[in-house]
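Asks: Each residue of the sequence shown is one higher than the last, beginning at 13 in this note's numbering.
Since the hints were made in silico from the structure, they are not lab data.
You may find that some hints are simply not true.
[Said to hold, decoys possible] In silico DSSO-like pairs for lysine-lysine, Cα to Cα no more than 30 Å straight-line: (1) K330 <-> K381; (2) K237 <-> K131; (3) K381 <-> K41.
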Amino acid sequence: MCGIAGWIDFKEDIAQGRDILESMTDTLKDRGPDGVGYYVSPHVLFGHRRLIVVDADGGKQPMQKTINGHQYALVYNGELYNTEELREELRTQGFTFESYSDTEVLLCAYICWGEDALKRLNGIFAFAVWDESEQTVFLARDPLGVKPLFYTWRNNALIFGSEIKTLLAHPAVEAVVDRDGLTELFALGPATAPGSGVFKGIYEVPPAYFLRVSKDTSALREYWKPRALENKETEAEAVEHLHALFIDAVERQLVSDVPLCTFLSGGLDSSGITAVAARVFAEQGKQLETYSIDYVDNDKYFKSSLFQPTPDQVWAEKMAVFSGTKHHTYIERHAALADALENAVLARDLPGMADIDSSLYLFCKEIRKKHVVALSGECADESERTG
Numbered sequence: 013m014c015g016i017a018g019w020i021d022f023k024e025d026i027a028q029g030r031d032i033l034e035s036m037t038d039t040l041k042d043r044g045p046d047g048v049g050y051y052v053s054p055h056v057l058f059g060h061r062r063l064i065v066v067d068a069d070g071g072k073q074p075m076q077k078t079i080n081g082h083q084y085a086l087v088y089n090g091e092l093y094n095t096e097e098l099r100e101e102l103r104t105q106g107f108t109f110e111s112y113s114d115t116e117v118l119l120c121a122y123i124c125w126g127e128d129a130l131k132r133l134n135g136i137f138a139f140a141v142w143d144e145s146e147q148t149v150f151l152a153r154d155p156l157g158v159k160p161l162f163y164t165w166r167n168n169a170l171i172f173g174s175e176i177k178t179l180l181a182h183p184a185v186e187a188v189v190d191r192d193g194l195t196e197l198f199a200l201g202p203a204t205a206p207g208s209g210v211f212k213g214i215y216e217v218p219p220a221y222f223l224r225v226s227k228d229t230s231a232l233r234e235y236w237k238p239r240a241l242e243n244k245e246t247e248a249e250a251v252e253h254l255h256a257l258f259i260d261a262v263e264r265q266l267v268s269d270v271p272l273c274t275f276l277s278g279g280l281d282s283s284g285i286t287a288v289a290a291r292v293f294a295e296q297g298k299q300l301e302t303y304s305i306d307y308v309d310n311d312k313y314f315k316s317s318l319f320q321p322t323p324d325q326v327w328a329e330k331m332a333v334f335s336g337t338k339h340h341t342y343i344e345r346h347a348a349l350a351d352a353l354e355n356a357v358l359a360r361d362l363p364g365m366a367d368i369d370s371s372l373y374l375f376c377k378e379i380r381k382k383h384v385v386a387l388s389g390e391c392a393d394e395s396e397r398t399g
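Produce the entire structure from the sequences given, and follow the hints as far as they go.
Replies: The following block contains the structure:
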């Protein structure tokens, strides 16, 4: 993942505020440890922290392009899964490319189709584009809201970032939680209402929305929503259709120039992803590496229940053998979960799911020692109701 930050003021010259931009961008260094970049103009400041996954040299940001006299700048966090299809379509429109990064494809797609480009994107994203000629900034977030994007207004200036702490690093933004924010934390936590940033005056761009801002106008609009369609497939046809879509989705996410692995808990979600990824790796003459987490003395104190009749680790090991992966089990102390709670909350910016968050935090920290990209089954239950 990467991190983006920005500050737009149509009235004041903010070019001398680079130190503030740098402070905002520094809050994202854990999201993007591999590089940092800035775009500075009289009325627009963009910052970017990068995690390199594809095209180390060609995907540097903020990315700038001049097309037919129009100047554009982009900061982007995410990944497109139909990069090559879009690139070929854009070539038919006269675009040429200097890299093989999805960053350049995204910027060209916006230049070519404007907001309609969002309907063509297959992926996860949060991005901002500055159109120097039109004097407009365009922010957008992917349909499921996988990538975060927060914003606030201060003295008619727009301030945005991948994390709440990014906005709070700006001196004009105060960390105030009012009654509405507290109500949300206590009533909905760890979830939040769509569009809410919990802190007073801080909002998120909701999933499947874009925000367009010019000197005199701003518009927050929904560009996609799921549709309920009549199912005309037989059960067998539906199973085959879903199977093909699932395989296609996993295969598209295996494009990486850096080491890639999968989580493997032994559950339905991670096992399905691992099975597909392991097959693709084997076809390429490689062995997929998988990871699971367990706790000291868990085998001694585990108690069977209807919800969980056996420990996860049993099924993780069975699935690893079935898929032919090189499996690693990370063993952690229970006390370490409590020790990591503060870091887990700081990473989220808000109270979360306690030991679940701290275990995921420690687990990912361990995996990062060897791998940069990990596919998991996280949130599959919430989005597809498989639980």
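Asks: It remains to establish, for every hint, whether it holds in the given structure.
Replies: Hint check results:
1. Distance check on the hinted pair: K330 and K381 sit about 25 Å apart at the alpha-carbon level, within 30 Å; holds.
2. Between K237 and K131, the direct Cα distance comes to roughly 11 Å. Compliance with the 30 Å bound is thereby established for this hinted pair.
3. The suggested pairing of K381 with K41 holds, with an alpha-carbon distance near 16 Å, which does not exceed 30 Å.
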